[in-house]
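*Asks:* For reference, the chains in residue letters:
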Amino acid sequence: MPDFNVQVEGLGKCYRIYSGPMRRIVEGASFGRILGHRPFWALRDVNFTVKPGGSMGLCGANGAGKSTLLKVLAGTTHASEGRYRVHGRVSSLLELGTGFHMDFTGRDNIVSNGIMMGFSRRAIAAKSDEIIDFAELGDYIDEPVRTYSSGMGLRLAFSVAMAVDPDVMIIDEVFAVGDMYFQKKCVDKVYELKKRNKTLLFCSHSLYDVRQLCDEALWLRDGKTAAIGHTVDVTNDYSSYQRGHIDEHADGQVPRTTGRAPVVVDARIYRAGTDEEVYQATTGDSLEVRVWWKNPDPEQTPIHIGIGLFHDSSILAGMTTQFDSFAIRGDEGCTVGVLPEIDILSGNFLIAIYLLDGEGVHQYQQYLLREPLQVRFHERAEGLIHMRHRWEDRSDLELPAGLPRIREGRHGDVSSSGDETGETGGWTA
Amino acid sequence: MPTSSTEELPTPPDTDRPEERSSAKERGTILDVGSHEVGGWVTAAPPKFLDVVQHVFGFPRLLLRNRDLIGASVSRELRVRFTGTLLGWFWPLLIPLLFFAIYYFIFTKLLSIKFGELPEDQKAAMGVYMFVGVLAWSAFGESLTRCTGSIVDNGNLIKKVAFPSELLPLNAVLVNMVTMIFGMVVFVATTFITPLFGLVVWEPPSPTALLWCLVLLPIQALFTYGVGVTLATLQVYLRDTIHVVSVGVTVWMFATPVFWAPQIIRDGNLGGFSWILDINPLYHLVYAWRWVLMSQEPAFVSVVNPEGVLEVRPMYATPIVENVAIFAGWALAAFFVGYTFFLLARRRFADEI
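First to last, the sequence lines map onto chains A and B. Everything in the first sequence is counted per the numbering used here, starting at 3 for the first residue and increasing by one. Everything in the second sequence is counted per the numbering used here, starting at 5 for the first residue and increasing by one.
Since the hints were made in silico from the structure, they are not lab data. The beta-carbon is built from N, C-alpha and C at its ideal position, and this holds for glycine as well. Any given hint might turn out to be false.
[Said to hold, decoys possible] Here are the simulated lysine to aspartate or glutamate pairs, EDC-like style, with alpha carbons at most 20 Å apart: (1) LYS164(B) to GLU97(A); (2) LYS164(B) to ASP167(A); (3) LYS163(B) to GLU97(A); (4) LYS52(B) to GLU83(A); (5) LYS164(B) to GLU175(A); (6) LYS163(B) to GLU175(A); (7) LYS187(A) to ASP239(A).
[Unchecked claim] Computed footprint of chain B on chain A, listed as stretches where at least three residues anywhere in the stretch have a Cβ under 8 Å from a Cβ of chain B: (8) 69–79; (9) 117–129; (10) 142–153; (11) 289–297.
Excised from the complex, chain A in its bound form (with noise of 0.2 Å):
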């Protein structure tokens, strides 16, 4: 096993502009001896290793070369300069739909699609169950291809790439269609490739989704790498950096710098009233974020402070100094988030930090905490928060008039099949 699955030395890509046709011909023509192009540098001096098991996110704005560089390494366009190497299968999903014939069924298209990734009919027809299985398009996998919403493409796209069992899946920005609930299982196919030492690229716009797949993040700015390292430090740098690109274009006349711009410097969990950080907790700890900011001109950017705690991909509990009215004064301080006897059980959290502007609207920096916090919880509950709840024995309670509120015994009950919405709308088997 090399100590690698990916290795980018110096890459850099240039693409031709040609002004016009005629000027592609002289060129041709002189045997590049007369030069008709200008260039364009998309990506240059590119350096990275990700090690089997290890994941390497991208971003950067658009234009950055996040997608050059993911075209170079599943080889479909070559590198200019530098050199990279690979280590095993490399499957690439880089856009949603490719390669798939829109007249022909889903089933038709695992086949077509396979071929072309180089597996024999024979064995992407032992596959075929498998994708099938995993893509969950029920019926649909013998309806035509074009009948596909674009989430129904991302499914049968990222199930025919994962059965190919990549040693290297380069994935360019799709997972954005697809449902929560495919999304979870995506990740949880990324986690599992990556638990048996393959390796993900990754490349997205939305940095929780980098965050949450990749141990390493790169940040190209204007196709040269900006930051690279731990995925939280350079998604807080990239974000920290967006932020005062905003600033800059956002007010035309007076353009502010960033460094008059507000920022969060630092933010830690402590228990609550001590000095003692702390990122494992059981429930009922009663725990402080302290967040530590700067806002040099608070005249300007009036500012405030929230907390958000996620779980998996959906936020649990978020707050806010606007949201509570609590106003944050002078141009540098903490602000501290008290929570006191915490409800939640069992379980990671990720906690961020955001930097809201005076209206609570836009949102200036995003901070993510590095560590997680970890609860445990000892005694014996399900779900992710600890309800209060106490339990009573009334008998004495009369069974109410009218309709029951519960779905059992409602078994040919005509005149209430008109309510399904409401309530119970959600309770559907």
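We have chain A; now place chain B onto it with these hints.
*Replies:* Quick look at chain B alone, frame taken from chain A:
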């Protein structure tokens, strides 16, 4: 249990794995798109001459490795044409049959008077002659037009999926070859079946002549591919190519004895133009196909000789081996030049489309 399901599945044998599709990666060029030798550096250096030569000669191996992909894409393209139609798979047989009927009716029944002077059993000559010519020509001409657009039209595929892109023009060639074979089967079947109903359209070709098909088909495919892959590459860099091709194919068709007999030039008073035949590879191909499919007693064609007298001359003046050999030479040259050009230019396809 998603975690265990992939583990339990039998892993495909090594030959089924994508990276097995290529072997020559040591020198670190992207000749073999979509494959990575384990741990081999891929550099930005352009392909070396030796790599290209090696790759050109490795073409048969490439076909073998990708036989499933080739088969699937050809059958897919044919299915696209005929699935969803009422007559379905009768169409590829019906179309040449109808065309044959049209040519036979127009040129033999309607205009037979123009080609009088022929023995009674040769009356059908002109209709059959043209039909066979058109069959062979259209497989070639249609392939060229399809090939030219094949890379650019599949830009999405080229840019997003790593796979051997030389198979795209090949697909265009093979689809048209299959269509041609359908037509030839219909023709041969007609010559065998019509006598059963007391109607002699044309004498059936001899089985030995039909064996030549096995030689002609691959050579024709090779030549068409060689020219087609060149045009496909040009089209990537210069989008005017397709327009030049569509006009050029028509000119080439009329410069080839599809609708006229070569003897008109060779033996008639146009003798000075016989170089048109000599430099035209398609002349040899069309000639050979006619020899194979119409090889009964030598067919005749009437020409006006230099003295201005109408004469009847045998249609097959040269032995077929000679024509096939010349055409095979053309085919090899076209393939080597075209495919090399393609390989050298391919690295920038994804950037240019």
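*Asks:* Each hint needs a verdict: does it hold in this structure or not?
*Replies:* Evaluation of the provided hints:
no., hint, in the structure
1, LYS164(B) to GLU97(A), "holds, 7 Å"
2, LYS164(B) to ASP167(A), "holds, 19 Å"
3, LYS163(B) to GLU97(A), "holds, 10 Å"
4, LYS52(B) to GLU83(A), "holds, 16 Å"
5, LYS164(B) to GLU175(A), "holds, 13 Å"
6, LYS163(B) to GLU175(A), "holds, 16 Å"
7, LYS187(A) to ASP239(A), "violated, 29 Å"
8, 69–79, "holds (count 5)"
9, 117–129, "holds (count 11)"
10, 142–153, "violated (count 0)"
11, 289–297, "violated (count 0)"
This entry does not satisfy hints 7, 10 and 11, going by the numbered hints stated previously.
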